[in-house]
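Asker: Spelled out from the first residue to the last, the chains are:
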Amino acid sequence: MVAYLDIVEVCHFFAKFEQENIMGNPLYIEEVIKKFGNFNAVDGISLEIEEGEFFTLLGPSGCGKTTLLRMIAGFNSIDDGVIRFRDKILNDIPAHRRNIGMVFQNYAIFPHMSVFNNVAYGLKARKVSKEEIQKRVNEVLDLVQMREYKDRQPSKLSGGQQQRIALARAIVIKPDILLMDEPLSNLDAKLRINMREVIKKIQINLNITTVYVTHDQEEALAISDRIAVMNGGKIQQIGTPREIYQNPGNTFVADFIGTSTFLDCTLESKTKKKSLLKILDGSEVEIPLQSEYSGEAILAFRAEEVTLGEPGLKLLNGKIVFSTFLGGVMNYEIMLGNDQVVLVTEYLKDNEVWRNVGDEVSLDFNMNRINLFDTESKDVLV
Amino acid sequence: MKTIAGMNRKRIFALDFWNLMTFIFFVLIAVFLVYPLVGLLSRSIFSGENNSFGLSSYLEFFQLPYYFSTLWHSILLTLVSTVLATLVGLPMGYVVARYNIPGKKMLNVMVVISLLSPPFIGAYAWIVLLGRSGFLTKLIEPLGIHLPSIYGFGGMLLVFTFKMFPFIYMYVIGALGSMDSSLEEAAESLGVHGIKRLFTVTFPLILPTLTSGVVMVLMTVLSDLGTPMLIGEGYKVLPVLIYDEFMSEMGGSFAMASTMSVIIIVFSLTVLFLQRKIIGNKDYNMTGLRPPAVIELKPGSKIILTTVVYGIAVFALIPQITTVVTSFIKTHGPLFVKGFSFESYRYIWDKMADSIMHTFTYATIAIIIMIFMGILTAYLVVRRKSRVTALLDFLLMSPYVIPGSVLGIIFIMAFNKPPVLLAGTATILIISYVIRKIPFLFRSSIGILYQLDPAVEEASISLGISPVRTFFKVTAILMLPGVVSGAVLSWIASINEFSSTIILYSGRTKTISVAIFTEIFKDSYGTAAALGTILTLAAIVSLVIFNKLTKGKGSVV
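Going down the list, the protein sequences come from chains A and B.
Numbering of the first sequence is given in our numbering, commencing with residue 1 and proceeding in unit increments.
Numbering of the second sequence is given in our numbering, commencing with residue 1 and proceeding in unit increments.
Since the hints were derived computationally from the structure, they do not count as laboratory data.
Remember, it's a predicted structure, so these values are computed and weren't measured experimentally.
Incorrect hints may appear among the rest.
As the list claims (entries may be wrong) - Computed beta-carbon distance windows for the label pairs:
{"#": "1", "chain 1": "B", "residue 1": "L190", "chain 2": "A", "residue 2": "S158", "range": "33 to 39 Å"}
{"#": "2", "chain 1": "A", "residue 1": "K135", "chain 2": "B", "residue 2": "V544", "range": "43 to 49 Å"}
{"#": "3", "chain 1": "A", "residue 1": "R147", "chain 2": "B", "residue 2": "L549", "range": "31 to 37 Å"}
{"#": "4", "chain 1": "A", "residue 1": "S129", "chain 2": "B", "residue 2": "F17", "range": "47 to 53 Å"}
{"#": "5", "chain 1": "A", "residue 1": "T375", "chain 2": "B", "residue 2": "P204", "range": "47 to 53 Å"}
To be verified - No more than 20 Å apart at the CA atoms, straight line, and that leaves these computed lysine-lysine pairs for PhoX-like:
{"#": "6", "chain 1": "A", "residue 1": "K35", "chain 2": "B", "residue 2": "K385"}
{"#": "7", "chain 1": "A", "residue 1": "K124", "chain 2": "B", "residue 2": "K473"}
{"#": "8", "chain 1": "A", "residue 1": "K190", "chain 2": "A", "residue 2": "K200"}
{"#": "9", "chain 1": "B", "residue 1": "K548", "chain 2": "B", "residue 2": "K105"}
{"#": "10", "chain 1": "B", "residue 1": "K351", "chain 2": "B", "residue 2": "K330"}
{"#": "11", "chain 1": "A", "residue 1": "K127", "chain 2": "B", "residue 2": "K351"}
{"#": "12", "chain 1": "A", "residue 1": "K190", "chain 2": "A", "residue 2": "K174"}
{"#": "13", "chain 1": "A", "residue 1": "K127", "chain 2": "A", "residue 2": "K174"}
The beta carbon of each residue, even a glycine, is placed where N, CA and C say it ideally should be.
Turn these sequences into a full structure, and let the hints guide you.
Answerer: And the structure:
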């Protein structure tokens with residue numbers, strides 16, 4: 001089922017929504033800390049999220065992303081630092097007075113209420129009149145294409161349908177901020193992509209400030225205006241999906257997002273414009289650096305930036321040790337002379353050669369797309 | 001920024017709804033549980049001259065064979081009964097769960113009915129059948145056959161084995177039903193099958209559940225007062241001796257009754273501790289996505305096994321059947337005579353309607369209090385974990401190891417004088433029911449709360465409903481199925497309650513179970529049977545209503 005949104009309906013909803021949404025001040029998070037015992041789950045994070053922005057917290061499990069989201073929601077106390085929204089400090093406002101919509105990983109649909117009552121729940125709490133509740137619930141159910149299910153019990157709904165209801169329930173109250181905690185992780189692969197589009201379209205149309213948590217990098221890249229990559233309770237990098245993918249700020253980000261190969265190398269700077277990059281014994285290239293640097297370094301490049309050729313023709317030589325056929329692409333693991341392994345993605349439409357495990361190959365990579373990190377601070381050198 | 005952190009810390013101690021509830025529960029527990037228990041302990045150790053400190057009653061207990069042998073009797077009776085009940089219940093549960101025994105539903109209903117009445121009804125029924133002037137005894141006497149005496153150790157074993165194996169049976173059926181078949185399949189694929197698989201995979205997996213059932217049986221047998229009073233005769237056990245010491249108008253000693261109460265509690269605690277030691281943290285929470293398939297038996301073994309399991313179930317039902325049948329038999333004084341009549345029922349309607357009223361009124365009030373307390377305390381223990389609520393958990397479960405007769409005694413001793421003068425009132429009975437029967441309800445409430453995703457409550461809060469209102473609008477409602485299944489057990493246990501009631505009742509607050517007992521002692525077997533039938537009927541009706549309410553999805557035990 002492809003998500004199709006009735007544009008007229010959406011614009012109608014969107015227009016009313018906008019009126020009540022005062023444009024301007026963003027969500028500020030300043031130096032916030034969350035402690036669990038001696039462990040800092042969130043370790044001094046600062047962020048600024050724009051009005052109407054789709055902002056994603058991305059990281060592996062245990063990185064503190066959900067903890068931070070729950071601090072914004074009011075379910076985790078803030079041990080230090082400040083969270084502000086429109087000049088209002090949220091720290092001591094209890095969760096139920098923050099006017100924040102939240103969508104949970106396992107939907108958290110009230111199992112004892114019909115679809116309609118689930119969605120109407122927050123409106124009843126706000127003492128909205130009966131007619132108004134009817135109208136707004138119907139509108140939002142149209143928006144998520146669930147109106148025909150409004151008298152159903154949640155136990156009769158599929159996971160995807162439950163998540164639509166969860167989304168409808170969160171946005172019908174016209175929240176100041178919409179928080180989503182891995183909302184798609186319990187859905188199967190196809191439905192996940194479908195729901196991802198539904199969420200993104202609704203978010204754009206309602207222009208609702210959204211903070212989204214996920215561990216799925218592809219999902220984050222697809223859906224976000226900006227992403228904060230987190231690890232160990234700290235932010236590793238903030239940027240647009242493209243910035244984060246193409247210019248990872250450190251080896252963690254380069255490794256976490258996309259498929260990268262890291263090779264030890266040395267650099268010798270003659271001038272800022274001309275430095276010598278030595279990869280293995282013998283392989284040398286001249287490249288420009290941001291600043292002069294000499295010494296050990298780490299070279300990182302993406303699997304799809306590598307091109308393969310006949311042995312001896314290109315910069316590095318190696319042997320294919322493992323291959324995976326994925327339909328449109330082949331993934332190879334190529335072992336270099338010093339036993340380091342390079343991951344390579346080759347698009348079959350660009351190449352007619354069928355390579356086998358054991359074949360000797362040479363390889364090259366796009367010098368404009370490489371990243372260099374020093375071994376200490378992991379700073380970007382290119 | 002420091003000030004904000006400081007403000008957060010301060011709010012932890014603010015007087016919110018849940019802190020207030022915690023405080024109230026602690027006050028109630030302090031008054032109605034800790035204070036009486038401390039009184040008991042102090043009476044047992046201040047047994048010297050003029051109530052000075054002294055362990056003389058403990059010394060006396062362990063030196064005088066009259067007392068000490070009772071402890072030995074209790075332990076022996078408890079252990080042997082439990083072993084026998086397990087030997088019947090475990091294989092029967094396994095066979096019924098795993099093989100294609102016909103009419104499983106009916107079988108389960110028979111087993112459940114057999115455990116619905118208080119144990120001493122079993123004793124009563126066996127006396128009516130096999131006692132000195134019992135039906136069967138009279139029937140075969142002319143033939144010159146003399147059956148072994150139903151009184152004493154053997155008789156009690158008979159009563160307890162067939163009264164208690166249903167618990168083991170139900171626990172085993174439950175555990176096997178929720179076991180995932182892939183575990184056994186994994187064992188098979190690794191080359192382990194048959195008996196070896198049974199002992200290396202299946203039994204270890206149901207062991208935690210099984211031991212809970214075993215401990216429940218142990219506690220019930222150890223603390224039962226009615227059965228040994230009726231059928232024990234010379235074979236004295238601790239609860240009987242405690243009762244005698246306490247109630248006897250001359251020669252009895254409060255200090256000795258207290259000492260024995262402490263000893264029986266210590267023994268129960270030891271059993272519980274051992275179980276925890278054996279089980280440790282093993283809680284194999286199995287979802288049972290794919291329960292094991294039922295195995296088809298060969299016709300020969302099917303007939304044999306079916307006969308055996310139905311034979312056991314029917315045998316266990318004999319007390320209930322006897323009770324119901326004798327309630328409709330004409331009586332002449334203490335004697336049953338030929339012909340059926342409703343005399344016994346007319347008699348209890350005229351003379352004992354108030355006992356029936358009392359039973360259901362007290363149990364209803366007690367169950368309402370228990371439901372409120374159970375829901376609130378379960379929430380505190382599960383969702384507001386702290387050392388304080390862990391202590392609350394411990395205190396609420398502790399009545400599990402206090403035999404009813406001991407609870408009765410400590411209540412009388414604690415509340416027979418101002419400021420809290422409750423002795424002889426309905427209140428004291430209701431409170432004793434609440435304290436003694438709440439563990440069932442509390443546990444099942446905790447169980448269901450663990451199954452509820454906290455995100456559902458958070459969803460409600462984030463939609464603008466305050467945490468306290470969320471509790472009542474969402475959490476409490478979603479907890480109800482679990483609470484009700486515990487409540488049914490607590491309710492049935494309350495209407496059947498005997499051990500503490502026999503000590504706490506007065507002329508104005510007599511209940512059915514006490515009335516049955518006094519009728520048996522007056523040799524009015526017919527009226528006793530009619531009263532017993534009413535109790536069983538009430539229990540069955542409660543279960544049927546429960547099944548209707550939960551549409552068959554709820555499970556008791």
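Asker: Each hint needs a verdict: does it hold in this structure or not?
Answerer: Here's how the hints hold up against the structure:
With their beta carbons about 37 Å apart, B:L190 and A:S158 fall inside the hinted range of 33 to 39 Å. Look at A:K135 against B:V544: about 45 Å separates their beta carbons, and that is inside 43 to 49 Å. As the Cβ distance of A:R147 to B:L549 is approximately 33 Å, the hint placing it in 31 to 37 Å holds. Restraint check, A:S129 to B:F17: a C-beta distance of roughly 29 Å breaks the suggested window 47 to 53 Å.
Distance hint check for A:T375 and B:P204: the Cβ-Cβ separation is about 51 Å, which falls inside the suggested range of 47 to 53 Å. For the given pair, A:K35 sits about 17 Å from B:K385 by alpha-carbon distance, which is consistent with the 20 Å threshold. Restraint check: the Cα-Cα separation between A:K124 and B:K473 comes to about 12 Å, which is no more than 20 Å; the hinted pair holds. For the suggested pair A:K190 and A:K200, the alpha carbons sit about 16 Å apart, so the restraint of at most 20 Å is met.
For the hint linking B:K548 to B:K105, the alpha-carbon distance of about 16 Å falls within 20 Å, and the restraint holds. Of the supplied pair hints, the one linking B:K351 and B:K330 holds, its CA atoms being roughly 17 Å apart against a limit of 20 Å. Distance restraint check for A:K127 and B:K351: the Cα-Cα separation of roughly 57 Å exceeds the 20 Å cut-off, and the hinted pair is therefore not satisfied. With a CA separation close to 29 Å, the supplied pair A:K190 and A:K174 exceeds the 20 Å bound.
Only pairs whose Cα atoms come within 20 Å are accepted, and A:K127 paired with A:K174 is accepted, the gap being roughly 14 Å.
Going through the hint list in order, the structure does not satisfy hints 4, 11 and 12.
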